[in-house]
Amino acid sequence: MDDLVFKGARVVDGTGAAPFTADVAVTNGKITEVGTASTARRVIDADGALLTPGFVDIHTHYDGQATWDPVLAPSAWHGVTTAVMGNCGVGFAPAAPDRHDWLIGLMEGVEDIPGSALSEGISWEWETFPEFLDALDRRSYAMDLGTQVPHGAVRAYVMGERGARNEPATPGDIAAMKAIVKQGVAAGALGFSTSRTLTHKAIDGEYVPGTFAAEDELFGIGEALAELGRGVYELAPAGAAGEDVNAPRREIEWMRRLSRATGRPVSFALLQIDAVPDLWRELLELSADADARLFPQVASRPFGMLISLESLHAFGDRPSYREIALLPRGERVRRMRDPEVRARILAETPAEEDVLSAMVRGFPDRLYPLAERDCDYEPEPATSVAARARAAGRDPMELLYDLLLEDDGRNVLMMPLLNYADGSLDPQREMLTHPRAVLGLGDGGAHCGFICDASLPTTMLAHWARDRWRGEKLPLEHVVRMMTRDTARLYGLTDRGVIAPGMKADLNLVDFDNVALHRPEMAYDLPAGGRRLLQRADGYLGTFVSGVQTFADGEHTGELPGSLVRGGAA
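Our numbering puts the first residue of the sequence shown at 1, with every later residue one more than the last.
For the record, the hints were derived by calculation from the structure and aren't laboratory data. Among the hints, erroneous ones may be present.
[Stated by the list, open to error] Distance windows between CB atoms, simulated:
1. Glu285 to Lys30: 35 to 45 angstroms
2. Ser424 to Val43: 38 to 48 angstroms
3. Gly205 to Lys473: 42 to 52 angstroms
4. Lys30 to Arg138: 40 to 50 angstroms
5. Thr199 to Glu340: 52 to 62 angstroms
6. Asp338 to Asp45: 27 to 37 angstroms
Glycine included, C-beta positions come from ideal geometry on N, C-alpha and C.
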């Protein structure tokens with residue numbers, strides 16, 4: 001008798017095949033039957049519901065959170081059953097005993113994870129990368145978790161201050177870094193990561209170690225993956241965020257040579273930038289080299305910032321606002337509604353202008369309110385704050401002020417900075433259908449104060465496969481394949497991502513008609529009361545890891561069947 005049977009599910013199996021109706025049986029954590037199943041110890045009536053493989057999110061930053069939080073929200077709320085962390089060259093191993101605070105500052109600066117939360121939450125049970133893997137292996141989670149060896153930590157461990165300050169590496173330094181990466185991947189790391197974008201800085205303002213690494217360093221470390229015949233080489237390339245529009249082509253050139261030389265896949269962030277809005281298309285084509293294995297990581301919606309009273313907004317650097325900035329949200333709203341306070345804040349000039357607040361003020365045409373439910377990440381330009389203000393004959397900053405106070409100050413606006421150059425996601429659709437593109441860039445666990453993109457899987461289901469009306473949708477089977485088989489196979493996780501006999505029983509049971517995103521909200525539940533943006537979803541009837549139900553109707557069941565995933569040959 002099987003342990004579990006889903007009866008009459010609408011199966012989207014992860015291969016890209018059209019949906020079909022079938023029973024799916026599970027025993028001992030594996031799928032045993034797809035077709036007509038017999039009686040089981042537990043039978044779930046899945047009639048009318050989608051059954052998909054669990055989602056494999058290859059771009060997260062739970063490196064610190066994984067040491068204290070077994071649930072790994074918000075990714076776990078969006079059907080993710082396997083997460084890969086250690087991206088963009090930042091992480092917490094290897095870690096010399098005198099480098100803990102520096103590693104925390106690096107992660108805080110690059111990924112906007114509160115340093116106080118990391119300082120209180122991380123127990124530092126390791127120094128080497130294999131010891132870090134062993135520390136993770138002693139824990140249980142609501143999902144499986146894999147990681148990569150981060151360049152920043154390796155460089156600082158080998159070179160000390162020289163590495164932290166991005167001084168050139170000597171041949172001896174490179175040999176030592178290669179040895180550490182090889183040791184980590186041999187112990188089970190899924191690959192190596194680095195960052196070269198000028199937007200990634202530590203809390204002290206220094207660029208991530210490795211940002212300016214020369215080719216001998218980049219290729220020397222890559223030899224570790226080549227010699228083992230396993231692992232992905234992941235990076236945030238120079239120019240990825242538009243800071244240098246000439247850099248991406250140069251980056252593609254060396255990445256192609258690296259992939260050919262090592263035989264390993266290279267995966268890199270690809271975004272549309274306003275200054276050169278069609279560059280992404282050229283980069284996609286350059287990636288399609290038959291002799292190289294380049295896999296651009298693309299997102300499913302615009303990339304930007306969330307604007308609210310509890311994150312970033314246009315009035316944070318005004319003197320009268322600063323007087324009340326630390327008050328509880330409700331009291332702050334009450335004070336801001338006072339006509340005298342309102343007039344004063346709107347009229348003031350900042351004594352010292354904050355760059356981000358000024359950016360919000362400068363682009364009211366890029367500010368879009370998000371609904372409390374069914375958030376629209378492809379809003380029409382006519383719904384922006386600037387357009388609404390023009391239609392009403394109002395000043396856009398006055399309108400923004402009032403919008404921030406709605407719902408007792410819980411209102412949130414989206415400010416797209418990338419992937420929305422022409423106010424449409426048509427370019428994103430083209431990226432999502434390119435044969436080399438993989439879904440990524442959700443950044444689960446990171447950018448806690450301004451971004452909440454760990455919900456990208458739900459956007460894929462609700463927006464791309466069902467609701468999109470401003471252009472073509474994507475077939476449901478394509479959407480599911482991108483989040484399951486494609487991402488799993490890139491990282492050599494060939495035991496999951498497809499619903500077939502013998503595969504790992506990581507599954508999502510989904511009420512497709514009712515999948516919806518809620519508006520992001522700020523929580524203060526990290527260690528030391530650290531803040532983070534969270535986003536809930538409707539429509540996930542059940543999530544299962546190795547056949548064990550971890551979530552029911554969006555709530556954690558208390559089960560923790562997930563564990564560290566150690567890599568093998570890919």
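Cross-check of the supplied hints:
{"no.": "1", "hint": "Glu285 to Lys30: 35 to 45 angstroms", "result": "holds, 40 angstroms"}
{"no.": "2", "hint": "Ser424 to Val43: 38 to 48 angstroms", "result": "holds, 45 angstroms"}
{"no.": "3", "hint": "Gly205 to Lys473: 42 to 52 angstroms", "result": "holds, 44 angstroms"}
{"no.": "4", "hint": "Lys30 to Arg138: 40 to 50 angstroms", "result": "violated, 24 angstroms"}
{"no.": "5", "hint": "Thr199 to Glu340: 52 to 62 angstroms", "result": "violated, 40 angstroms"}
{"no.": "6", "hint": "Asp338 to Asp45: 27 to 37 angstroms", "result": "violated, 55 angstroms"}
Violation of the numbered hints given earlier is confined to hints 4, 5, 6; the remaining hints are satisfied by the structure.
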